[in-house]
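So the chains spell out like this:
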Amino acid sequence: MPNYAYIALIPLLPLAAFVVLGLFGRKYFRGWSGVIGTLAVLISTGLSLWAAYRYFFVDGIVGEGHRQIVALKYVWLSFSPGLSIDMSIILDPISVMMIVVVSFVSLMVHIFSLGYMKGEVRFGTYYAFLGLFTFSMLGLVLSGNIFEIYIFWELVGCSSFLLIGYYFDRPTAVAAAKKAFIVTRFADLGFLIGILILSFHAESLDFRTLIQRLNAPSSQLAGITTASFMGISLLSWGLVLVFIGGAGKSALFPLHIWLPDAMEGPTPVSALIHAATMVVAGVYLVARLYPVYMFSGGTVLQVVLYVGAFSALLAAIIACTQTDIKRVLAYSTMSQIGYMMLALGTFHPAGEAATMGYTASLFHLFTHAFFKALLFLCAGVVIHKVHSNEMRDMGGLRKLLPLTHGCFLIACLAIAGIPPFSGFFSKEDILLSAWHANKFVYGVGLFTSGLTAFYMFRLYFSVFWRRPVRGAGDGHDGPGHHHGEAPFTMKLPLVILALGALLAGFVPFSRLVTYDGLPQETHGIGVFAIAPVALALIGIFIARYLYFKESDRPDRVAAAWGGLYKWAYHKFYIDEVYTFITKKIIFNLIGRPAAWIDRNIVDGLMNFLATVTAGISGAIKGLQSGKVQDYALYFFAGIAGLTVLFIYLYT
Amino acid sequence: MNLSLLVIAPLITAAAVVFCRGLNGIRWVSLAGATVQLLLSFGLLALYWKERAAGNSGAFLFEYRHAWFPSWNIWYHVGVDGISVSMILLTALVMEAAILVSWAIKPMSREFFILLHFLSAGAYGFFLSLDLFTLFFFLEVSVIPKFLLIGVWGSGRKVAVDAFSEKVTHSTATANDGPSAGPTVTAPYSAMKLALMLMGGSALVFVGLMGLYYNTDGVHSFDLMSIAQMHLPVEAQRKFFPFLFVGFGIFTALFPFHTWVPDGHSSAPTAASMFLAGISMKLGGYGCLRVAVYLMPDAAREYSPVIILLATIAIVYGLLLR
Amino acid sequence: MSQIPLSHILVVSTALFFIGMYGLFTRRNMITMLMSVELILNSVNINFVAFNKYLYPDKLEGVFFTLFIIAIAAAEAAVAIAIIINLYRNFHSIDVEDAGEMKF
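Line by line, the protein sequences are chains F, C and W. Heads up, the first sequence is in this note's numbering, so the first residue is 1 and it goes up one at a time. Heads up, the second sequence is in this note's numbering, so the first residue is 1 and it goes up one at a time. Heads up, the third sequence is in this note's numbering, so the first residue is 1 and it goes up one at a time.
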C-alpha cells in the first residue's frame, strides 16, 4: 500500500502558515508574510499535483477506472464501535480533482495578493486568513466522514467571514460578512439535521459505509425509507436537507443574497472564495453523496435540477442590469453554479447517459474555477487602476491594460462557451445531459447561456471599449503612481490562469472523473453544439451593438423593457423581502415580546422578590425604633404571651 | 499524584502575590502560578492516560481521603476520572488566559489576582471532590470571589446597540432608558444579583445534599461512590432531585433562573467573564451530572421530560431576545 | 385585727406593679422612669411579705428576700443614676426619646 501520509501535509501546510502568520505576521514578518504564505501554498500545490499524478495514473487505477482509497484514518470520537467521528482522508476522483483546483487557485490568489495588497497594514493577518481558508477548504474536500465535512464546512464559513469583513472599519463590509455568515449558517441547520437523519438510519458517519448502506438494499435502507414524516420518506428529507445546506453555501435561490454583498471583501478574496472554491462546496457535497441521491428515486434530484436551473436564469437576468463590475461577476458565479447543480440534477434512470450529468457538472466546476478566478483577478487589476468598482468610471482601458485586456477576453470567451475555449466543452456536456433528461430545463439552460454571453460581453465592452482609449499619462495617474499596468506578481497569475482557461477543456475529464470510476464515452459534440454557440454569438453581437461605443442605445433598451428592467436592477427585491421578514416579523413580533418577557417578567420576578424583601424590611424596620421604652414593651409583651402559652397550653 | 496540589497551588500563588512589590511582580508571579497549574494539569492528564492504558479501570483514580469532621462522617475526599481530568485541564487553560488578559487591570491589581486565584482554587476543588460536603464547600468558595470581581472591577452594562437601526449608541445604562429598560444595571447591581441568585442555588443544593445524607442507610455518609452504590429509595430520590437539579441548574443558567447571566457577564471584567462562562457555568453542569443524575438515576429518568423542555426553551429563547 | 384577705393585698401589689409598668413605658423623664421601676420593685416586696405573713407565718424567707430586693434596688438606683448622668452628658437632655440613636 503506497504511503499516503504526505496527503495530510496538503491541508496542514496552509494551517501552519495561518498559525505562524497569525501570531507573528503583523509585528515580526510584515512584508515577508506574503512570501511565507505563498510558499506554504506552493508546496501544497506541488504535493496536490503529485498526488493527482500518482492517483490518476499509477495507484488509483483498478481495471479500467479509479477506485476510492482511504488514505488516512484516525478514530476521534467513538460513540459505539460502528459509529464514530473520524478524521479521515479519502482519495477518489473528485477529491483529488478538487485539491488540485483549490490549491492551484489559492496559489494564484496568494501570488496576486503580493502585489494587490501591498502596503496594507494588516498584510500578515490577510495571509493568515487566506491560509486558514485554504486549510479549511482542502480539509473539506478530503473529508471521508460526514461529520468531518461538517466541521470543515463551518470552518470555511468562519474563514470566509473573516476575509469578507477584512476591511472591518467599513460598516458595509461588516454587514456583508455578517450576512454571509448568517445565511450560510442558517442553511447549515438543514445540513446538520440531514446529517443526523442519514447517519442515524445508516448507523454510520463514514461516507463509504453510509453510501453503501443507503444504496444497496439493506435493513438500514428499509428503515429509512419506510419511516416518513408528513408523507415524504425520511431518506428524501435527509437528502433535501443536506441539499439545502449545500444550496446555502453555493448561493442558490433563495439563499443567494449573501453572494453579491460578499464582494465587499478584497478582490483576490472574491476570486478565491466566491469564484472557485467555497461556493462550489455545495456542488461537491451533492456529488459526494450522489449514489444516495440517485438511488432515492430521483425526486430529490428533481428539486436540485429545478433549483439550479432557476438560480441560473435568475442570476443571468439580474446580471444584465448591474453596474458594479464585481456584482456582475458575482451573479455570473451564481448562474454558473446553477448550471453545475442543474447538471447534477439531470439523472436518467437508465441508459448510457445515466450519469453524464455528474461528470459534466464537475467538469464545469473545473473549468469555471479557471476562468472565473481569471475574471475576478482581471477585475482586480482594473479596480486597482481606476479606483472604483463602477462600470461608468471605466471604458477604453484596452491600451492602458493590454495584458488584462487579453486575459479578460479569453475568460469571457470561455464563459460564453465559444470553442475551443474550456467553457465550451463543459457547457456542452451540461446541455447535452440536460437534453437527455428534461427538455424544458434544456431550453432554460440554452437561453441562459445566451444571456451569459450577453452580459459578460456587455461587461467586456463597457470596460475595455466604449470610450476613447486612455493612455498611460491620462488624468488620474498621479506622480509616483503605478508604473505600467501592474506589478509582475499581479500579471503572472493572470497569464497562468488564462492558459488554464484555454487548455482546461482538453483535459480528458470523462476518462478520469466519473461517478463510478469507470471512464465514460464522450460523444463527439458535433451538431448539438450549434444551437448554444449560435445563441452565444448572437448575445455577443447584441452586446457589441449596444456597448461598443458610448450611446444611448442601452438606455433606450432599458426603457423599452421598463418594469422588468427595474425589477432586475433591484435584484427582484429579494433582499427587501428578507429584511421585511426578519425585521418586521421576527424581530418585532417575536423578538421584542420575548425580550420584554425576559426583562420584565422573568427578571422582573427576581427583582420583584428583591422588592418584596425590601418592602417587608421597610415595613418591619420601624420595630427597631431606638427607644428603650418600645423595647421594654416588646419584652413584656413577649413575657405575657409566653405566660398565656404556658398557662393555657401546657396545663 | 497528589491531587490536592492542584488546590494548594493557587492558594500558594495568592499568598505569594500578597507579598509582591510592584505591579510587575504581582503579574508575573500570578502568571508563573497559573503556568505551574497548567503544567500540573497536563501532567495529570498524562498520568491519567498512563494509568488507564495500564489497565486500571477503577471508577476514580489518584484518590486521597482525610477525615474532616469524623463525628458527621465528613471526609476530605478527592479523586479524578475522565470528566474531572478534562474539566481541570479546561480550568487551567482558562486561568492562564484570564491572567494574560488582565495584564493591565487597574486599580487594585493585587486584590484582583488574589481573587482570581481563589476562584480557581474553588473550581479545582469542585472538580476533584468525591465527598458531597467537600464539593459544596468548594462551590461556595467560588461564589464570593465572583461577587467581588464583578462588583469592584466591573462596568455597568452598555446599552444594547440596535444592530439594524441607523444610529449606533454606546453608553452605559442610565435611568432615562425608558420604561422597558428595567432597573439601572450597574456593576454592583449585577454582582449582587449574581451572588444572591447563586447563593439561592447553593441553598437549594444544600437542601438536596441534606436529603441525600439523611437517606443513606446505616451511618449517614456524604461519600459519592457509596451513595451511588446504595440506590436510594425512589421516594427520597423524587423529593430531592428537583432541589439538586434546580440548584445546580441556577449555576448553569437553566431557564427561568438565567437572568443573572446577561447582567453578570456584561458587567464583568474580561477575565471574570471568561471564567464565568467557561468554568463557573460548567460547575453547574458538572454538578447536575455528577450529583443529581449519577446519584438519583430513577428520579432523573422520571423528570427527564421536564429537563428536556427547560433545556429546549433555554436554547431557543436566548436567540429570540432583542 | 380582722384578717384582711390575702387577695386584697395581692390586688394592691398587682395594681402597684402595673402602675409601675405603665410609668416605665410611658414616662419621658428618665428620673420618673426610675421612680416607676422602684414602684415595681416595691410591689414585689409587698407580695413577698404578704405571702410570708399569711401562708408561712413561722418562716422568714419572704422577709429575707425583701431585704435583698431593697438592697439591690438601692444599688440599681445608683447605677441607673450614673447611666442617666452619662446620657445627659451625651444628649444634654434627660428625655429618653432623645437618646434613640440606635435605630434602623
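Errors might be hidden in some of the hints.
Unchecked claim - According to the in silico footprint, chain F covers these stretches of chain W (three or more CB under 8 Å from chain F): (1) 16-29; (2) 84-95.
Said to hold, decoys possible - Distance condition first, Cα-Cα at most 20 Å in a straight line; then the derived DMTMM-like pairs of lysine to aspartate or glutamate: (3) Lys-282/C <-> Glu-111/C; (4) Lys-106/C <-> Glu-96/C; (5) Lys-178/F <-> Glu-203/F; (6) Lys-399/F <-> Glu-485/F; (7) Lys-50/C <-> Asp-81/C; (8) Lys-566/F <-> Glu-576/F; (9) Lys-566/F <-> Glu-390/F; (10) Lys-627/F <-> Asp-98/W; (11) Lys-627/F <-> Glu-61/W; (12) Lys-103/W <-> Asp-393/F; (13) Lys-621/F <-> Glu-76/W; (14) Lys-399/F <-> Glu-550/F; (15) Lys-50/C <-> Glu-63/C; (16) Lys-627/F <-> Asp-58/W; (17) Lys-571/F <-> Glu-390/F; (18) Lys-549/F <-> Asp-324/F; (19) Lys-73/F <-> Glu-203/F; (20) Lys-399/F <-> Glu-97/W; (21) Lys-621/F <-> Asp-58/W; (22) Lys-27/F <-> Glu-154/F; (23) Lys-178/F <-> Glu-550/F; (24) Lys-621/F <-> Glu-38/W; (25) Lys-282/C <-> Glu-51/C; (26) Lys-571/F <-> Glu-550/F.
Honestly, the hints are just simulated from the structure, not real lab data. Every residue, glycine too, gets a C-beta built ideally from N, C-alpha and C.
Results for each hint:
no. : hint                    : in the structure
1   : 16-29                   : holds (count 4)
2   : 84-95                   : violated (count 0)
3   : Lys-282/C <-> Glu-111/C : 25 Å, violated
4   : Lys-106/C <-> Glu-96/C  : 19 Å, holds
5   : Lys-178/F <-> Glu-203/F : 36 Å, violated
6   : Lys-399/F <-> Glu-485/F : 10 Å, holds
7   : Lys-50/C <-> Asp-81/C   : 13 Å, holds
8   : Lys-566/F <-> Glu-576/F : 14 Å, holds
9   : Lys-566/F <-> Glu-390/F : 18 Å, holds
10  : Lys-627/F <-> Asp-98/W  : 9 Å, holds
11  : Lys-627/F <-> Glu-61/W  : 38 Å, violated
12  : Lys-103/W <-> Asp-393/F : 81 Å, violated
13  : Lys-621/F <-> Glu-76/W  : 32 Å, violated
14  : Lys-399/F <-> Glu-550/F : 17 Å, holds
15  : Lys-50/C <-> Glu-63/C   : 16 Å, holds
16  : Lys-627/F <-> Asp-58/W  : 46 Å, violated
17  : Lys-571/F <-> Glu-390/F : 17 Å, holds
18  : Lys-549/F <-> Asp-324/F : 19 Å, holds
19  : Lys-73/F <-> Glu-203/F  : 18 Å, holds
20  : Lys-399/F <-> Glu-97/W  : 103 Å, violated
21  : Lys-621/F <-> Asp-58/W  : 54 Å, violated
22  : Lys-27/F <-> Glu-154/F  : 29 Å, violated
23  : Lys-178/F <-> Glu-550/F : 39 Å, violated
24  : Lys-621/F <-> Glu-38/W  : 32 Å, violated
25  : Lys-282/C <-> Glu-51/C  : 26 Å, violated
26  : Lys-571/F <-> Glu-550/F : 25 Å, violated
In summary, the structure is inconsistent with hints 2, 3, 5, 11, 12, 13, 16, 20, 21, 22, 23, 24, 25 and 26 from the numbered list given earlier, while agreeing with the others.
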